[in-house]
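Q: Sequence:
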Amino acid sequence: MLEFDKGQTPGNSIDRIRLNGYNTECVFNQSIRQDIKNHYKQQCCTMCGARGNSENTQIEVDHKDGRKNDPRVSDLNAQTFDDFQALCKACNDKKRQICKECKESGYRFDARKIPGNHYPFYDGEAEYDGCVGCYQYDPIQYRKTCNDRIYNEGYQKGYGDGYQNGYHQKTTL
Numbered sequence: 001m002l003e004f005d006k007g008q009t010p011g012n013s014i015d016r017i018r019l020n021g022y023n024t025e026c027v028f029n030q031s032i033r034q035d036i037k038n039h040y041k042q043q044c045c046t047m048c049g050a051r052g053n054s055e056n057t058q059i060e061v062d063h064k065d066g067r068k069n070d071p072r073v074s075d076l077n078a079q080t081f082d083d084f085q086a087l088c089k090a091c092n093d094k095k096r097q098i099c100k101e102c103k104e105s106g107y108r109f110d111a112r113k114i115p116g117n118h119y120p121f122y123d124g125e126a127e128y129d130g131c132v133g134c135y136q137y138d139p140i141q142y143r144k145t146c147n148d149r150i151y152n153e154g155y156q157k158g159y160g161d162g163y164q165n166g167y168h169q170k171t172t173l
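The numbering of the sequence shown is this note's numbering, which starts it at 1 and goes up by one.
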């Protein structure tokens, strides 16, 4: 039930809102252990490499799972360093929006939208079945897995040592 208080200031504006009722759902605790914060605050952004003092380049400690629905990560005593990553404010804001769209649509972010990325995910399919495998969840693991995939594809095509990060690919001018 909502209660509106319009009696604090002159006019018809709503000054205060009071919510009456019970929250029956478990609320995710977004707190992050201090040792984890200290560790990631010293690192560069895992997406763009930035690390600075301006508002958009300051490092924020990000929950990898954008849905924040894992009760283990909500428990300070059960958190691990692998549950988080260093992102600059700009990348964290963008990731938050992408995760929101995924939650609404049921489809994960396609990393091929970023120039140079050859695969949509490092694990899984387009339909949401967890965050693991999405570029936004772990850009470092995405790059490692995709580099291995590129190397193996080159090897299978007879390039001996694989593509070696694209150096042996044929190009036409």
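Among the clues, some could well be false.
[Unchecked claim] Derived Cβ-Cβ restraints for the label pairs, each shown as a range: (1) Gln97 to Arg149: 36 to 46 Å; (2) Asp70 to Arg149: 25 to 35 Å; (3) Arg51 to Arg18: 36 to 46 Å; (4) Gly158 to Asp93: 43 to 53 Å; (5) Lys144 to Arg18: 43 to 53 Å; (6) Asn152 to Asp129: 17 to 27 Å; (7) Arg51 to Arg149: 27 to 37 Å; (8) His39 to Gly158: 37 to 47 Å; (9) Gly49 to Asp123: 17 to 27 Å; (10) Arg149 to Lys113: 10 to 20 Å.
Because the hints were derived from the structure by calculation, they are not lab data.
Since the model is a prediction, treat every value here as computed from it, not as a measurement.
Glycine is no exception: its CB is placed at the ideal position from the N, C-alpha and C atoms.
Q: Hints first: check each against the structure and report whether it holds.
A: The hints, checked one at a time:
no.	hint	verdict
1	Gln97 to Arg149: 36 to 46 Å	27 Å, violated
2	Asp70 to Arg149: 25 to 35 Å	27 Å, holds
3	Arg51 to Arg18: 36 to 46 Å	43 Å, holds
4	Gly158 to Asp93: 43 to 53 Å	44 Å, holds
5	Lys144 to Arg18: 43 to 53 Å	51 Å, holds
6	Asn152 to Asp129: 17 to 27 Å	24 Å, holds
7	Arg51 to Arg149: 27 to 37 Å	28 Å, holds
8	His39 to Gly158: 37 to 47 Å	44 Å, holds
9	Gly49 to Asp123: 17 to 27 Å	23 Å, holds
10	Arg149 to Lys113: 10 to 20 Å	18 Å, holds
Consistency note: the structure conflicts with earlier hint 1 alone.
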